[in-house]
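Please build the complex by placing chain V on the supplied structure of chain Z, with the hints as guidance.
Protein chains in written order, with this note's numbering: chain Z, 22 to 180; chain V, 22 to 180.
Rather than coming from a laboratory, the hints here were simulated on the basis of the structure. Values in this document were obtained by computation on a predicted structure and should not be read as measured data. Treat the hints with care, since some could be wrong.
For identical chains, the list gives no copy identity; a pair is met inside one copy or between any two copies.
Claimed, not checked - The calculated DMTMM-like cross-link candidates involving lysine to aspartate or glutamate, where the alpha carbons are at most 20 angstroms apart (straight line), are:
1) Lys28 - Asp120
2) Lys177 - Asp91
3) Lys56 - Glu25
4) Lys46 - Glu25
Number of protein chains: 2
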Amino acid sequence: MEKELKKDFMNKAISLALENVESLKGGPFGAVIVKDGRIVGSGNNQVTLLNDPSAHAEIMAIRDASRNLDTFDLSGCEIYSSCEPCPMCLGAIYWARLDKLYYASTKDDAAAANFDDSYIYKEFALPKEERKLQSVQMMRDEAVKVFEEWVHSENKIPY
Amino acid sequence: MEKELKKDFMNKAISLALENVESLKGGPFGAVIVKDGRIVGSGNNQVTLLNDPSAHAEIMAIRDASRNLDTFDLSGCEIYSSCEPCPMCLGAIYWARLDKLYYASTKDDAAAANFDDSYIYKEFALPKEERKLQSVQMMRDEAVKVFEEWVHSENKIPY
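Okay, chain Z solo, but in the shape it has when bound (with noise of 0.2 angstroms):
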């Protein structure tokens, strides 16, 4: 794809991170989805305005693509963040099998405007148990009966 294309959809992800600045309705964060050389989704982020933690740009974006697509597989598409996505995000990027990431600032750009990217990223990297977050496993024999369900259920939809 030309270079000047790719910036034209860097330069909207980033003017979405902007008007979300000037309009107080959310985190300074913007991202489109580009299909075939045009946008398919667009997302800002919407934490504050949805009262949804999960509401970043990028998952607001896979959200546009899939509905607008009608698919939860969007392979062959590529993603322009404003920003490194934080580890949610990119768990995202992975399950709806984004071809590419394309991203202007960094986690650590972001975490000097107060965010949490970096924090989350650091935690990430440690073990189980030296994290913040405390993980309790508990009824892993009645869970994993379930798989088995899911395993031998013939009519099924995989993703």
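What follows is chain V alone, placed relative to chain Z:
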């Protein structure tokens, strides 16, 4: 909290997972969010039902609890998930500021049932340049300016 009550909450999460397998409405995952000894939100996987790659059980439960409690900050709440959260959902748990995570089956159990959890965890542990997902930085200067606007914005809602 009493051990029996914890078991009730995890049973509810596992039941939501099982209902999904039986109704064919989504993947075999369920989660509930608990505050002060009662369930304030619940979710089941709806990726294929909604065409939303982010519609994992934990994220649906976080969205539900946030809506019910009218806040994006779920401090003071705990989550019970039928399976160890994937990186996307673990990230969402951090952003929602949940106090504690209880989980039943593991990411390896999920992998054995053909879900990508372990694969995504392995990708996260690699340096960016070694991941399957290509990522490219561009236009950092333009994006950093948006963070500067945010930092100096007087009426913003931080999260």
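To see whether the hints hold, each was checked on the structure:
1. Lys28 - Asp120: within (18 angstroms within a copy, 41 angstroms between copies)
2. Lys177 - Asp91: within (18 angstroms within a copy, 35 angstroms between copies)
3. Lys56 - Glu25: within (16 angstroms within a copy, 51 angstroms between copies)
4. Lys46 - Glu25: neither (29 angstroms within a copy, 43 angstroms between copies)
Of the numbered hints listed earlier, the single one contradicted by the structure is hint 4.
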